[in-house]
Amino acid sequence: MTEPPAVASPGAAMSSEFAELASDEQIAKAAAALERNGIRSLLAATGADARGLVDSLLVDAAEVYNNTSQTLEAIGVADDIERSGRYQPLRLRLYRMDREMQRREMRTLAAAPDYVVGSVHALTEGGSLLIASASGSQLGPLASGAGQVILVIGAQKIVSDVATGLRRIYEYCFPLEDARARRAYGVPSGVNNILIINKAITTGRVTAIIVKEHLGF
Amino acid sequence: MFDYDARPVTPGVVLVGTPASRGGYAIRDFLSRNGYPFEWVDAGQPDAVRAVLGVAEVEPSALPLCILPDGSRLASATVEQVAAGLGMVADPSLPEYDLTIVGAGPAGLAAAVNAASEGLRTVVVEAVAPGGQAGTTSMIENYLGFPNGISGSELATRAVVQARRFGAELLLARPLVGVSADGPGYVAELSDGTLVRGRAVLFASGVEWRRLDVRGVDDLLGAGVYYGAGPSEALACTGSHVVVVGGGNSAGQAVVRFSRYAKRVTLLVRGRDLGASMSQYLIDHVSAIPNVDVRVRTPVVGLEADDCLRAVIVRSGDSTEPVRLPADALFICIGGAPRTDGAAGIGLATNSAGYLVTGSDAASNPGASWPLPREPLPLETNLPGVFAAGDVRCGSVKRCSAAIGEGSMAVALIHRRLAEVGGD
Chain A
1 MTEPPAVASP GAAMSSEFAE LASDEQIAKA AAALERNGIR SLLAATGADA
51 RGLVDSLLVD AAEVYNNTSQ TLEAIGVADD IERSGRYQPL RLRLYRMDRE
101 MQRREMRTLA AAPDYVVGSV HALTEGGSLL IASASGSQLG PLASGAGQVI
151 LVIGAQKIVS DVATGLRRIY EYCFPLEDAR ARRAYGVPSG VNNILIINKA
201 ITTGRVTAII VKEHLGF
Chain B
1 MFDYDARPVT PGVVLVGTPA SRGGYAIRDF LSRNGYPFEW VDAGQPDAVR
51 AVLGVAEVEP SALPLCILPD GSRLASATVE QVAAGLGMVA DPSLPEYDLT
101 IVGAGPAGLA AAVNAASEGL RTVVVEAVAP GGQAGTTSMI ENYLGFPNGI
151 SGSELATRAV VQARRFGAEL LLARPLVGVS ADGPGYVAEL SDGTLVRGRA
201 VLFASGVEWR RLDVRGVDDL LGAGVYYGAG PSEALACTGS HVVVVGGGNS
251 AGQAVVRFSR YAKRVTLLVR GRDLGASMSQ YLIDHVSAIP NVDVRVRTPV
301 VGLEADDCLR AVIVRSGDST EPVRLPADAL FICIGGAPRT DGAAGIGLAT
351 NSAGYLVTGS DAASNPGASW PLPREPLPLE TNLPGVFAAG DVRCGSVKRC
401 SAAIGEGSMA VALIHRRLAE VGGD
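These protein sequence lines map, in sequence, to chains A and B.
FYI, the numbering for the first sequence is 1 to 217, going by the working numbering.
FYI, the numbering for the second sequence is 1 to 424, going by the working numbering.
Any given hint might turn out to be false.
As the list claims (entries may be wrong) - Every beta carbon over 12 Å from chain B, so not counted as near; a handful from chain A, in silico:
(1) M97
(2) E100
(3) S137
(4) R167
(5) I194
Claimed, not checked - Restricting the straight-line Cα-Cα distance to at most 25 Å, the calculated cross-link-like pairs of lysine to aspartate or glutamate (DMTMM-like) are:
(6) K263/B - D161/A
(7) K212/A - E35/A
(8) K199/A - D114/A
(9) K29/A - D114/A
(10) K263/B - D42/B
(11) K263/B - D114/A
Since the hints were derived computationally from the structure, they do not count as laboratory data.
Keep in mind it's a predicted model, so treat the numbers as computed, not measured.
Yeah, the Cβ is synthetic: ideal placement off N, Cα and C, and Gly gets one too.
Sequences and hints are given; from them, build the entire structure.
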């Protein structure tokens, strides 16, 4: 892997090629590729439609962990998971835990939820999913720990290939996420871990909902 | 920071108050024990107040001020108002239940899981939060099946999920104020007037903290003095000097918890040694913590305070000279008194210490009469169809695992009672 490119400012990121919505042809191509790779793909015209699809996929009373995600917050899915009362929202359960005394419980609880719901930083036309994470804690459940994975993906995240996806992470997503982390937590972020899902070997485990709206980063 | 360390998206409750506020502490404790995210804002910090309210000051009479997730505000908030505002106060869904369980601690939740899973229409009424005393314990290391231990809150959370999955209802945030006979069954009345009818009743109401008979304790409650381990206060004890009073497992668990945050923790034990009431694994653990000081034969005889606690006055060993121990917080864990509110009016027999008598003890209790030809069942009180399990019961072993065992066992006995009155 080449050295990461110089970080652009968040302002520059907004006018980037990576903020443009993919065409219908690109969306169809990515969706078909996902299916070939064992990842179920659903199309949603709007964020509201995507929210409904997530609702239809989640099972009542299941343990659900919602990754920190601008996409999920924007369309109300984070709220649904944490406040509807239909599920066991693991974020709330983890938040109440004593970080000193219950660190082991937190780690094990977060590692293998029934459902993890999140987004990605790039989806390639070849059907690969790229997710970056500063701590890495989001990646284990996505790769294998969670029973089911639901990803809501704004169509601006579709790129031609993995190399472009990595460039999208470094040049576009990271400056925005870094700014967000500094505001939210007072600490910078970092492209410290990257997960690339090329294929799902467990049928039906991973569902990607592609939304024809600019959602998230 | 891992992703799961971040705050939930859900806006929590914002609570504005003074550090020495008893009402503020009660709300913090309630929200903590119910797992509800909240932000505490010191009313004496203008910048922090302005950040949440848009103004730098709040009228003292309005404190504690609570901002609910929907943006509505409760001035001079109470626990009951906050609970209602958060939608935590539900009505019973049925006109009658097979089993009404009083208390959602380990015994009550075990009974709920077993009863509901066996098809009994089951409701649990709980004054504060699921978990009981065990629910505030930072780590239970001797409960079967958890070789690395499990926190009391996590055990309670899982038990609630399990009970609800089987169809048990939980009515939270309202204490029981009375029970009355209603034919062969009973009607339980909650503090807001809600009536719950049950063909049988199980008292699993546990114990409340025994009061420390030292002048000034009541005045300082919530202002540096707390009963129990106060999970909501652990973070606030960072860098401070904490004093824990008590010689049992609850005190030991509190010491372990606070030792992770406080600069120093002092455990004061009235007795000669810890072995009388603390489990050996916990004694070993406490003894090995470098910032913990264990003082036996050291009762508390006074407190020093201005608007909040400043020091604990003790006597040590055979000396009659009082010793001043600087302290920022005092957590009192000196055992329990049975919580039998609401049971007195119906004539439930207790022993001299107030614990509910059951089985053969109930049959032979001089203060009560038994109306049936058969003997009371093993966990049955002197009233047919009213049972007791866990710490509230005379003769119970005061351990979480024992309480769970009794709660589970009670269901089999309740089935026999229900068959007796018909319609089981």
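Restraint check for K212/A with E35/A, where alpha carbons must lie at most 25 Å apart: holds (18 Å)
Hinted pair K29/A and D114/A, Cα distance within 25 Å: With Cα atoms ~30 Å apart, K29/A and D114/A exceed 25 Å; violated.
Outside-interface status for E100/A - nearest CB in chain B farther than 12 Å: Violated, because the least Cβ-Cβ distance between E100/A and chain B comes to about 4 Å, which does not exceed 12 Å.
Given hint D42/B paired with K263/B - CA-CA distance at most 25 Å: Roughly 22 Å between the alpha carbons, so the hint for K263/B and D42/B holds.
Least C-beta distance between I194/A and chain B, which was stated to exceed 12 Å: holds (15 Å)
Hint consistency between K263/B and D161/A [alpha-carbon to alpha-carbon, up to 25 Å]: violated (54 Å)
Least C-beta distance between R167/A and chain B, which was stated to exceed 12 Å: holds (24 Å)
Given hint D114/A paired with K263/B - CA-CA distance at most 25 Å: violated (39 Å)
M97/A and chain B, when compared Cβ to Cβ, separated by more than 12 Å: Given a closest Cβ separation of 7 Å, the condition is violated.
Whether S137/A stays farther than 12 Å from all C-beta atoms of chain B, as the label says: violated (4 Å)
Restraint status (C-alpha distance of K199/A to D114/A at most 25 Å): holds (20 Å)
The structure does not agree with the numbered hints 1, 2, 3, 6, 9 and 11 stated previously, though it agrees with the rest.
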